[in-house]
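S.K.: Numbering follows my numbering, in which position 737 of the sequence shown is assigned residue number 737; successive positions increment by one, without gaps.
Please note: incorrect hints may appear among the correct ones.
Have a look at the derived ranges for each label pair, beta carbon to beta carbon [to be verified]:
hint	residue 1	residue 2	range
1	Gly-168	Ser-40	40 to 48 Å
2	Gln-167	Pro-9	31 to 39 Å
3	Glu-493	Arg-321	47 to 55 Å
4	Gly-589	Asp-552	31 to 39 Å
5	Ala-220	Gly-283	31 to 39 Å
6	Glu-859	Asp-792	29 to 37 Å
7	Ser-590	Glu-492	44 to 52 Å
8	Phe-686	Glu-359	38 to 46 Å
9	Gly-403	Lys-165	56 to 64 Å
With a straight-line cut-off of 20 Å between C-alpha atoms, the simulated DMTMM-like cross-links for lysine to aspartate or glutamate are [stated by the list, open to error]:
hint	residue 1	residue 2
10	Lys-913	Asp-886
11	Lys-99	Glu-20
12	Lys-749	Asp-794
13	Lys-730	Glu-815
14	Lys-204	Glu-235
15	Lys-509	Glu-493
16	Lys-382	Glu-429
17	Lys-64	Glu-121
18	Lys-874	Asp-830
19	Lys-287	Asp-276
20	Lys-67	Asp-52
21	Lys-305	Glu-235
22	Lys-219	Glu-285
23	Lys-274	Glu-285
24	Lys-305	Glu-249
25	Lys-751	Glu-741
26	Lys-305	Glu-285
Hints listed in this document are in silico derivations from the structure and should not be mistaken for laboratory results. None of the values given here were measured: they were computed from a predicted structure. Note that beta-carbon positions come from the ideal geometry of N, C-alpha and C, so glycine has one too.
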Amino acid sequence: MLRVDSSKPCKLVYSLCQHEFLGFLIEPHVVQLNPDGGFSLTYQRLFSTTADEFASILDDTDRKLIKLLEETEQGSIIKRYYKKPIRPIVYFLRVFDEKLFSVIRPKIEKRLVEALSLIGEKPFYLMSKEGWPVERQLTIASDPATVLFHFRRSEEETRYFPTIKYQGIRIEFMFRGAQVVCNQPALLLLEDVLYSFEGDIEGKKLQPFLNKRFISIPKASEKNYFERFVAPLIEKHHVYAEGFTINTEKFDARPILKVIYVEGGVSQLQLYFKYDHYVFAAGSESKVSVRMEKNGDDYIFHRIKRSTIWEKNKLDELLERGLKTTSSLFVTLELGQSNLAEQDAAFSVFDWLNENHEELVELGFEFEQPEGGKRFIFGTNKINLEVTESNDWFDLNAIVYFGTHRIPFIDLRNHILNRIREYVLPSGEIAVIPETWFSQYGNLLSFAEKSDEGLKLKKHHLGLLADFANSELASITIDRKLQQLTNFEQIEEADSPRDFKGTLRAYQKAGYNWFHFLRKFNFGGCLADDMGLGKTVQTLSLLQKVKEENADRGTFVTSLIVMPTSLIYNWMKEAEKFAPTLKIMAHTGSSRSKDISTFTRYDVVFTTYGVTRVDAEMLSGLFFHYIILDESQNIKNPSSKAYKAVKQLKSQHKLILSGTPVENSVNDLWAQMSFINPGLLGSQHFFQDTFVTPIEKKKDEEKARRLQALIKPFILRRTKDQVATELPAKSEQVFYCSMSEDQLDYYEKIKSEYRNDLLQALEDGTFAKSQVQVLQGLTKLRQIANHPAMLDKDYEGESGKFESVVSTLESVLAEDHKVLVFSQFVKQLDIYRNYFDKRGVRYSYLDGSTQNRGDIVQEFQENGDIKLFLISLKAGGVGLNLTEADYVFLLDPWWNPAVEQQAIDRAHRIGQKKSVFIYKFITKDTVEEKILALQNRKRLVAESLITTEESFVKSLTADDIREILN
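Generate coordinates for the entire structure from the input sequences, incorporating the hints supplied.
M.R.: Here you go:
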C-alpha cells in the first residue's frame, strides 16, 4: 500500500469493514484518485494525528467522525482494556474472549450509530476482504423499516418468523446474503442498503432468519416459550398471531402505596399502579405491559397500555413531598435523609403518610399493607386541646383523633412520656403516634396531674402554654394579664414608692413592675440582670413599696435577704442611700441576736448564707413577707447545707437575684427554681434525665427550647447591651508580652514534663481520669507565663509580662487614671504588692481573706491619692461598685470570658461617667495564647452556660489538649 499524496487529487470515504474479532466497524480512509477521477489502489487510514495533511478535503463533521471512529480502532480498544504493551494478534488470541466481547461490543455499537447519523450523505462504501476501502458503494436507508413477528400455532407446534417492510413494501431478506451489522439497535445490510428499524429491535432477533424460513417450537415447550419469549416480544413489537389471542386493553389506572413496616429498621413505601385488576410496579418505562392467561388449551395475551407520563407524574408528586427512591428495580420510597427522624426510622414514613394523608387521598392514592403483619391505620391525627383557668390550676380537656377514632388524651400519657410510638386501638388496629407529639406535648404531660375531670396543670407552669397560645394546637382561655407574664414588656405599670430616693431607669422600672406582677399571682421570680444594672436598687424599691402599702393598712411585715458575706456592706450602703426610711438590721457576726422576735421590729433583715446554715432552725420560726436570695447561685447544689437551710425558711413571696444563675451546668437551675416555685421543674431526677443530660451531652436544642419555655416567665434577664445605652463606651486591647530567656527555659521544661504524661494518657485512654492532672499542669504553665516566682520562690530571673504590666501601669498612673488590676492568682498579686511597697506607691488591696471590704472600697472610691486597686478575681468578681476606675488590667486570661466580663463590670456599670479601657495581658507562645483561641471557639458554650474553670476543662477534647501543649 503506497502512501497517498495530499498534493494530488484524493477523496475521503467511510468504509464498513468486518474485524475478525470485534465485528463490524467503520473506518475513515483517504483514497488517491486516478486521472479519470476513479479510485486508485492507493489509500490510507486516517487518524486525528494525520488529518491536518488533508485539511483541504475535510470539514468539521469529518474531523468529529475521525475522532469518534478512532475510539473503535483495535489499538485504541486494546490500550483501554489492557494496560501493558502487547501485539494485537497476541491480545486477540490469548486475552480476548466472549466475556470481553460482550463488554466491548455494545460500546462500539453506540459509536457506530452516532457515526452513521453524522455520515448521512457522505461517501459510504463496503471494504473488500483484502482491505480495499471502496469495493461497493452503500446507501443508508432514509426511513426506519418495520418488523412484524408472525406466530402460527397448530396441534403439533408453533412456527415463528419475522417479515420486514420498508416504506410500506415487504422486502425479502432470507437467503439473500443479508448481514446484521449492529445488534442494539438492529442494523441490517441487505443488497448494499443499510436498514435501521422502528422500535427497540435487537439484531439477534433477526439473525436466525437470515438463512432460515422459520423457527419451530414443539408443543411440549410452548408454555415456557410463550411466557419467556412471546409475552416480552408482544410487549415491545408488532406481533401477528394465529392459534392464540392477543387483546389490546386500556383502563384508568389507580396509584397504590404499599406500606412495608420494618421493625427496628427503615420502613418503606412501595408504589404500584393498578390497571383494573392488573398490577404493575412503578419505575417501568415500557408503554405496554403484557400478562399471559392460559384458559384450557387456549392462550390469551392481554396487552395493557400504560400511561407512563401519568405514572411518572404520580411518582413526582411523592418525591416533591419529601420521599426519595431507594431502588431502580421497582420503586421503593423512604423519607429523604433531612426528613428522617434518626431514632424512629421504622415510623418515619408513617408520620409522613399521616401528615400528607388527606392530600394523597385527593390525589387519588390508595393504601395497602402486607397480609399477616400488624394492621396500621392511616389518616390525619390531631389533638383538640382546651385549656381553661381555675383558681390555682389550668384544666386541660383534650380528645385525640386517629383518623376517625376518638381517644381520651389521658390514655396517651404513658405513651408520650415513654416515647412509645404504637397505640393499640380498641379495634386491634395500631395508630402511630406522630413524632412531633413527643416534643409538643411531652412537657405538658410531664407536669400535668390527674384529676377527676381529666388533667390539670399548676399555675406556675404557665410557660408550658406559651407554645400552644401562638399555634393552632389548642384553644386557651386564661386571664389576659396572666398571659402577659411571658412577655414582660406588656406588664401593667405599678405605682412607684413615695419615699424612694432616686429615679429608676426605664428598664429598672420594668423590673419593679414585674416584681409586682409576680406578687399578684403569687409566683416566685429570678432577676438575672447583668452585673452593674442595679438589681439591688430594683429590689429596694419593691421593699420600700411593701413597707408603704402595709403602713397604709396599719400592718407591719418583715422581709429577709440572704447574701454572701462580702455583699452585706454594699446592701447596707445602698439601702441607706435609696430607701432611708426602711428599718434594716444586719443579722451577722458572732454577737448576733438569737431572739427571733427582734426581727419583727425591722422591715428588712440582711444575713449571710453561712449564718443561715447555722441559724436555720431559729429563722424557720418566723413567717417572712419576702425571702430574697442575692447571688442565688450559692444554693445551686441541692445537696448543699445552704440549699437545705433556705428551703426550711417560710415566706409569702420569694425572689432570687443572680447575674449568673447558671454557672457550671444547666443542673444549677433546679435548686434555684425549686426554691422560688417548688415543682416548676419536677423532681431533681426527672430534671436531670429530661433536660440536663439531653442539653449538655446531646446538645438537644429542642429540649433547651422547652426548658426555656418553662422558666421564661420567672426569669427576667437584661444585658447591658440591651438596656444601659447611657453607659460610656468601653474598649478592649490585648497586649502580647514575650517571655524572658530564663522564663522561656523554665516554661519549656515544665511543659515537656506535662506534655509527655498527658499525651501518654491520650494514647492509652486514661485521659478522662487525668482531668485533675490536666488542670494542675495547665495552671502551672499559666503561672510561669505570668511569673515563674509564683512557683519557685528562689527564681531570680525576669518575667516578660511583669515588665510589660509595670511599664504600662506607670504610664497610666502618671496620667492620673484609676486602675483596677485583676488576677486570679493571689501569689501574682503578692509580687506586685512587693514591687509597689518597695517604691512607696499607695494601693488598695482585696482578696478572699480581706475583712473590711466596705471600708476599702469606699477609700478607693473617695481617696484621690489611691490610684491602684489590686483585686483577686474570686473576692472581687461580684458585688463591688468601683466606678471611679476607668482602666481595668486583666493580668491572666480565664477560660471563661463571662468571668472576665464580671471583673470588667466592677468599673463599667451604672454610675460610670468615663470611657473604660480594658487591657488584657497575654504571654506569647504560651498556654495563655491557646486559651484566648479556645475562648473564641467555645464562646457559644460560655454564652449559653456560664462555666467555671473545672467545667471548662471537662469540655476540652483530646485535640484541644494537644493543641494547647504543642
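S.K.: Which numbered conditions among the earlier hints are violated in the structure presented, ordered from lowest to highest?
M.R.: 22
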